[in-house]
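Peer 1: Residues in the sequence shown are numbered from -3 upward in steps of one, following this note's numbering.
A hint or two may mislead.
[Said to hold, decoys possible] Derived DEER-like restraints, expressed as beta-carbon distance ranges:
(1) Leu412 to Arg265: 17 to 25 Å
(2) Gly206 to Asn421: 25 to 33 Å
(3) Ala492 to His382: 14 to 22 Å
(4) Glu328 to Leu306: 52 to 60 Å
(5) Arg65 to Phe476: 39 to 47 Å
(6) Arg65 to Arg265: 49 to 57 Å
(7) Glu87 to Val233: 31 to 39 Å
(8) Glu54 to Phe476: 27 to 35 Å
(9) Phe465 to Tyr416: 38 to 46 Å
(10) Glu207 to Arg404: 48 to 56 Å
(11) Leu276 to His493: 42 to 50 Å
(12) Arg269 to Glu231: 35 to 43 Å
These aren't lab readings, by the way, just hints derived from the structure by calculation. Every residue, glycine too, gets a C-beta built ideally from N, C-alpha and C.
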Amino acid sequence: MSTDTVAGEGGQACEHFQYEYRDLAEQRESRLVFDAFNEHEGKTIRRIQFDSRAIFDESDPAENNWLYRGFNRLHINTREPVIASQLLLQEGDSLRQNLVAESERILRSRNYLTSAYIVPDVVCPDYIDLRVITRDSWVTEPELTFKHEGGETESGIGLKDGNFLGTGDAIALRYSQNIERSSVGYEYKTDHFMKTRLATRLYYAQKSDGEDKAFSLERPFYSLETPWAAGGFTEDVAEVRTIREGGEDINEFRHRTRDSEIYFGVAARADERFTRRWRLGITREEDIFSASDETVLGVPENRKGNYGWLGLEVIENRFATYKNLNQIQRTEDVAMGVNYRLRLGYGGSQLGNDRDLIRYQAAYSNVIGVGEHHILQLHGELDGRHYKSPDPIDSGVLGLEVNYNWFRDDQNRWYLKLRYDIGENLEQFEQLTLGGANGLRGYPVDYQRGDRRYLLNIERRYFSDLHLFNIVRMGAVAFFDAGRTWGAQIDGESNAHLSNVGIGLRFSSSKTKVGNVLHINLATPLVERAGLDSALISVKAESAF
């Protein structure tokens, strides 16, 4: 960053800032602190400039070649009005640092941007000009899938554009085929329909044995100071559920969900520390099950619930910015402190229920930063139903989780996760499982299942500076996993405590949307090795490191 002195309105002596993008995006610290506005709170915003950077940085010699320049020409950058419509500040407003930071968080949450920063452009004694610097991501993706397992083949092809003509809107077209059905699907999704605060999604799939449909429209609580929100959705989607245990498919059935909901929400009077929001809504849930050719253990009973509900959300107004936490060399916004959601609903026979239903959901998190090198994350979730007489019954899951990150330096991390779940009266497809990417990487998918589960993951993570072809970021990990499920096993036998060790590589593109991290793991089981490969290789895309 460099500065020079310029003359402002009324002969004021002003300072003009010039930023190199790499100065912002390639900071080395684990926890990033942006304090450029500390001395300018309350100044009038005279002008907001927009600086939209192409996917490849042509000022970088490593990216200034004919191929990358060609990709830049093919891509349409996000249009200025799309970015402007999402800011919480406008020209003529008084500068508020919290709204600058929240505007950055909103922009960084968009898949079509790899990064976003708001910085001072011209600073004068009485006013300030802002510059919004964004870099686009490559979100035009061909989709090609092929799977051959157990004598059956599944394939698919599609095309997705997550920033259609620079509007920030996502469109997708997909075709898939397996032994049971073929399907053609269409999807449209946006978080800012027609440059408004409306978010919407349209999905339709024509299948050889029916149709899938989904629609949602919402004016969300798009900022901490949004006074009200409203919205609703409806969906009718079918899938085939495969139940696995011990490395084998043991059952299969068709599952159709028909859900819909409308709600209205208001924000209570906010204070400096917490934001509180109330929601009132009506929900319809219906699960329909039927047998397939591979059904051998029966199907669950159909269930439905129509109920009204009241919800409360509390957000502690503290956020921090980190690097190399869940993504590789990306700026990440983390909600710190206590955040929780509560929702309680009731539906009687007058709403079409077979019997009275109490529906309850809750979520709690507390993220604690200890100094500059430690983060402790506490999580809890509760999701369940209580059916009143006759024959009262409860079903649901309570989950508790602790995550710990120790930043030894800007590249080296220790990570620990300990999770414990308790389920009650769970159907086959709801049971708690372990194996594969679900916690135990040295065992097949859903190797164990039950209504109780514990899981321990310990990882030594390394975030490399390697930037292959200035496109691919790399990381590596060594890990130890241990866990067990118990209670309500389908085969009636007691499960053993399982454990494995392994190593892995992580790959993430610096030019595509945030959240795609390719995991390649090699893991060796330490317990119950009979009948299993001595080493299991898994390849899967995940949302985090």
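Peer 1: Work down the list of hints and note, for each, if the structure agrees.
Peer 2: Comparing the hints with the structure gives:
1. Leu412 to Arg265: 17 to 25 Å: violated (39 Å)
2. Gly206 to Asn421: 25 to 33 Å: holds (29 Å)
3. Ala492 to His382: 14 to 22 Å: Violated - the Cβ-Cβ distance for Ala492 and His382, about 34 Å, lies outside 14 to 22 Å.
4. Glu328 to Leu306: 52 to 60 Å: Violated, at about 33 Å.
5. Arg65 to Phe476: 39 to 47 Å: holds (46 Å)
6. Arg65 to Arg265: 49 to 57 Å: For Arg265 against Arg65, whose Cβ atoms are near 53 Å apart, the range 49 to 57 Å holds.
7. Glu87 to Val233: 31 to 39 Å: violated (44 Å)
8. Glu54 to Phe476: 27 to 35 Å: Hint violated: Cβ distance 45 Å, outside 27 to 35 Å.
9. Phe465 to Tyr416: 38 to 46 Å: Holds - the Cβ-Cβ distance for Phe465 and Tyr416, about 43 Å, lies within 38 to 46 Å.
10. Glu207 to Arg404: 48 to 56 Å: Roughly 53 Å apart at Cβ, these two residues keep to the hinted range, so it holds.
11. Leu276 to His493: 42 to 50 Å: Taking Cβ atoms as reference, Leu276 and His493 lie about 46 Å apart, which means the hint holds.
12. Arg269 to Glu231: 35 to 43 Å: Given a distance of about 37 Å, which is inside 35 to 43 Å, the answer is holds.
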